[in-house]
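K.L.:
Residues per chain are reported as follows:
Number of protein chains: 4
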Amino acid sequence: MARPRNTDIRRQEIMRGLMAVMAEAGYEGATISLIAQAAGVAPGVVHYHFPNKQAILIELIDYIGSLVQFRFDEMCDGLAAEDHLGAFIDANLALGKGSNAAAVACWVGIGAESVKQPEVRAAYRRVAEKQLQLLESLCDRALTAKRKSTKHKREIALGVMAAIEGVFRLTVSVSELIPRGFAAATVKEMAYGAVSAQPEN
Amino acid sequence: MARPRNTDIRRQEIMRGLMAVMAEAGYEGATISLIAQAAGVAPGVVHYHFPNKQAILIELIDYIGSLVQFRFDEMCDGLAAEDHLGAFIDANLALGKGSNAAAVACWVGIGAESVKQPEVRAAYRRVAEKQLQLLESLCDRALTAKRKSTKHKREIALGVMAAIEGVFRLTVSVSELIPRGFAAATVKEMAYGAVSAQPEN
Amino acid sequence: MARPRNTDIRRQEIMRGLMAVMAEAGYEGATISLIAQAAGVAPGVVHYHFPNKQAILIELIDYIGSLVQFRFDEMCDGLAAEDHLGAFIDANLALGKGSNAAAVACWVGIGAESVKQPEVRAAYRRVAEKQLQLLESLCDRALTAKRKSTKHKREIALGVMAAIEGVFRLTVSVSELIPRGFAAATVKEMAYGAVSAQPEN
Amino acid sequence: MARPRNTDIRRQEIMRGLMAVMAEAGYEGATISLIAQAAGVAPGVVHYHFPNKQAILIELIDYIGSLVQFRFDEMCDGLAAEDHLGAFIDANLALGKGSNAAAVACWVGIGAESVKQPEVRAAYRRVAEKQLQLLESLCDRALTAKRKSTKHKREIALGVMAAIEGVFRLTVSVSELIPRGFAAATVKEMAYGAVSAQPEN
DNA sequence: CATGAATGAGAGTTCATTCAT
DNA sequence: CATGAATGAACTCTCATTCAT
Numbered sequence: 000m001a002r003p004r005n006t007d008i009r010r011q012e013i014m015r016g017l018m019a020v021m022a023e024a025g026y027e028g029a030t031i032s033l034i035a036q037a038a039g040v041a042p043g044v045v046h047y048h049f050p051n052k053q054a055i056l057i058e059l060i061d062y063i064g065s066l067v068q069f070r071f072d073e074m075c076d077g078l079a080a081e082d083h084l085g086a087f088i089d090a091n092l093a094l095g096k097g098s099n100a101a102a103v104a105c106w107v108g109i110g111a112e113s114v115k116q117p118e119v120r121a122a123y124r125r126v127a128e129k130q131l132q133l134l135e136s137l138c139d140r141a142l143t144a145k146r147k148s149t150k151h152k153r154e155i156a157l158g159v160m161a162a163i164e165g166v167f168r169l170t171v172s173v174s175e176l177i178p179r180g181f182a183a184a185t186v187k188e189m190a191y192g193a194v195s196a197q198p199e200n
Numbered sequence: 000m001a002r003p004r005n006t007d008i009r010r011q012e013i014m015r016g017l018m019a020v021m022a023e024a025g026y027e028g029a030t031i032s033l034i035a036q037a038a039g040v041a042p043g044v045v046h047y048h049f050p051n052k053q054a055i056l057i058e059l060i061d062y063i064g065s066l067v068q069f070r071f072d073e074m075c076d077g078l079a080a081e082d083h084l085g086a087f088i089d090a091n092l093a094l095g096k097g098s099n100a101a102a103v104a105c106w107v108g109i110g111a112e113s114v115k116q117p118e119v120r121a122a123y124r125r126v127a128e129k130q131l132q133l134l135e136s137l138c139d140r141a142l143t144a145k146r147k148s149t150k151h152k153r154e155i156a157l158g159v160m161a162a163i164e165g166v167f168r169l170t171v172s173v174s175e176l177i178p179r180g181f182a183a184a185t186v187k188e189m190a191y192g193a194v195s196a197q198p199e200n
Numbered sequence: 000m001a002r003p004r005n006t007d008i009r010r011q012e013i014m015r016g017l018m019a020v021m022a023e024a025g026y027e028g029a030t031i032s033l034i035a036q037a038a039g040v041a042p043g044v045v046h047y048h049f050p051n052k053q054a055i056l057i058e059l060i061d062y063i064g065s066l067v068q069f070r071f072d073e074m075c076d077g078l079a080a081e082d083h084l085g086a087f088i089d090a091n092l093a094l095g096k097g098s099n100a101a102a103v104a105c106w107v108g109i110g111a112e113s114v115k116q117p118e119v120r121a122a123y124r125r126v127a128e129k130q131l132q133l134l135e136s137l138c139d140r141a142l143t144a145k146r147k148s149t150k151h152k153r154e155i156a157l158g159v160m161a162a163i164e165g166v167f168r169l170t171v172s173v174s175e176l177i178p179r180g181f182a183a184a185t186v187k188e189m190a191y192g193a194v195s196a197q198p199e200n
Numbered sequence: 000m001a002r003p004r005n006t007d008i009r010r011q012e013i014m015r016g017l018m019a020v021m022a023e024a025g026y027e028g029a030t031i032s033l034i035a036q037a038a039g040v041a042p043g044v045v046h047y048h049f050p051n052k053q054a055i056l057i058e059l060i061d062y063i064g065s066l067v068q069f070r071f072d073e074m075c076d077g078l079a080a081e082d083h084l085g086a087f088i089d090a091n092l093a094l095g096k097g098s099n100a101a102a103v104a105c106w107v108g109i110g111a112e113s114v115k116q117p118e119v120r121a122a123y124r125r126v127a128e129k130q131l132q133l134l135e136s137l138c139d140r141a142l143t144a145k146r147k148s149t150k151h152k153r154e155i156a157l158g159v160m161a162a163i164e165g166v167f168r169l170t171v172s173v174s175e176l177i178p179r180g181f182a183a184a185t186v187k188e189m190a191y192g193a194v195s196a197q198p199e200n
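Just so you know, the protein sequences line up as chains Y, A, W and D, in that order.
Final position of the first sequence in numbering that gives the first Met the number 0 is 200; the numbers increase by one with none missing.
Final position of the second sequence in numbering that gives the first Met the number 0 is 200; the numbers increase by one with none missing.
Final position of the third sequence in numbering that gives the first Met the number 0 is 200; the numbers increase by one with none missing.
Final position of the fourth sequence in numbering that gives the first Met the number 0 is 200; the numbers increase by one with none missing.
Covered stretches of chain Y (in silico footprint by chain A; criterion: 3 or more residues with CB under 8 Å from a CB of chain A, positions within the stretch not fixed):
(1) 24-31
(2) 111-121
(3) 170-181
Covered, in the sense of this in silico footprint (three residues per stretch, anywhere, with C-beta under 8 Å from a C-beta of chain Y), are these stretches of chain A:
(4) 19-33
(5) 106-116
(6) 126-137
(7) 153-159
(8) 175-181
(9) 187-197
Everything labelled a hint here was simulated from the structure, so no lab data went into it.
Glycine included, each C-beta is placed from N, C-alpha and C at the ideal position.
Using the sequences provided together with the hints, build the complete structure.
P.N.:
Here's what the structure looks like:
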């Protein structure tokens, strides 16, 4: 009898509206009005579905995390275990299908917001911890496949993660300095270089 | 006899005020009033010395760039040419004297602001290009010292730079995940690992 | 066979919802959403049964008036005519069965709303006039029973009414200053004191 | 050199702006914009001098309290101690010079706001407690002058206070029912009637 | 040079009311 | 009758910027 529930759909639309606007104007520049416009809804709708602007951002953080996860799962398909590390790097940095420039720009903005908003920081950390654990297990697989010591898998994982985050940052701010398609290759070389550099098991 | 110009001193005080506030509250959260307070001056003074808030930020970008440069010069003192690459990484990431957590937090915020403010982006790029050129020459020195091909010096330089920026980001958002004193060592290993991995010249 | 009308029930539920919420949050703080929640209905239902928020308030005014009337009737039962004045005061101020703290808080809020909403003011006046007429006749009874001049019955009635309203106000704002069970006794003393002070008839 | 401080003047102007608007439109209806207009300043000025709207209201509470106190002091001048109780009632209720219809309307609104704003409630209580103590001492004086027991001075004080507050309420909501100049006389009669009714000391 | 009061545009948020289902 | 999503106007509050002193 009542109007059918469409909350989940609306929430996604609004969250994607934030992503689109934020990629151009930053978090502060993403006004509720602009977000609503980008989502194709009236301004009041935003606060009907979210208690406040921060809540949209936090939902966006999880969403971007899940996008990477999804792309990684796709890319792993049919790959040997030792190549999953490369797949993870590609999932984050490779261009082409599934790459998402807006998400990258947002991710940089999320880093800055997490400086002052503890809740954002917490949400970011949840995603980062999950990715770091995944990365560690991928390093383990790669090291094991090459019969290398897995002693420094966490260090390598952290280095890879930092490199990925750094590429995001450079992509956003100084994309002209990075030749197209360069980043994924370089980070993969660094990662597998580190793997190879480990002593035999 | 005119009274001595204290304009330059005031400008520095204000700019450092921005750095201090921005490290806690982000760029948008750094109100003119808070900046003035941190600088120990009246709010009106800020706009006497700077046309607008953005101008302070741009001065801050150059200032942070010069801080790193200065620390690098200090650290190079007495080091062999091949170790200058390590000195650069330390200048950015090593803890202890000369390390500056506020500057790191600001740097992350500057990255986010450069998404929407072209002038900030340009200022950031000037500093980044300079650092990248320096890094490239440091890679060249390191490769040459080990009689390696310098063909991929730019790739290595970019990778190192990304790793440094990424560490900044992780430091700010998820410092708990990074053991103290870990970052500089890991990035140096990655850098020299890449150097060693190059073919002989 | 039409389904039984539950409109009247719903209206009461909603009106009581307003009373409950308004006692805690004031009239402006009583949002339609909160009222609906307190009434156990969906927000949309409220405007199905009432054209607007003000209409609920006006119904509430009459309702609270009738509550007092009802309690008065109950308390009069078996009392001598000269004691009906005391019963009226008790009906308003006595604690125990039939006392209604929420109604008192609402009544204070209604007074404030009547400053700006003419319709509310009119509704309040209707109730007040009725009570004042009743009070006047009760004073008449009390005076006549004591063979006193009834010349100032209206003054006494007004004084009693003011005292009652004032106790409401103090109860709401500074209940700590009023010992429990104190108010009804004090006002009754004042009322019968004034009755006694009148000249013999 | 700097612009001279005028904060105190501005704060008073704004507070009186609130009083003027609130007397017509209630507290919620007194928007910052209307308050500023009534005070003859730009909207932004309001929040330059007050952190928020509530702070203006709290200042107004103290101000109204001091208005009554001031009028009382004036009216006491040259009166016998036993008549000070009457002066207090006149200070609150007498018409003519020093009477302030806007203040009365605000006071009713303040009562309603104190239901939901604890800070307002606290401010109201501070004023009420001070007045109640004063009233008690005035009752004491009146009783002592007539050689009556002072045992119930607090009860009488409370009754008088309730009557005054109740008159405010009736004045605001149903002024037509109260003949002009009636209230002060009636309350004074009630007060001195109660004094006379006490047993000899 | 310095001060801090003033400005006013625009932000996030709330909410009475409407209405498609 | 009932639902709850949608609307958009209006609110309080913030703040970069200006400028009289």
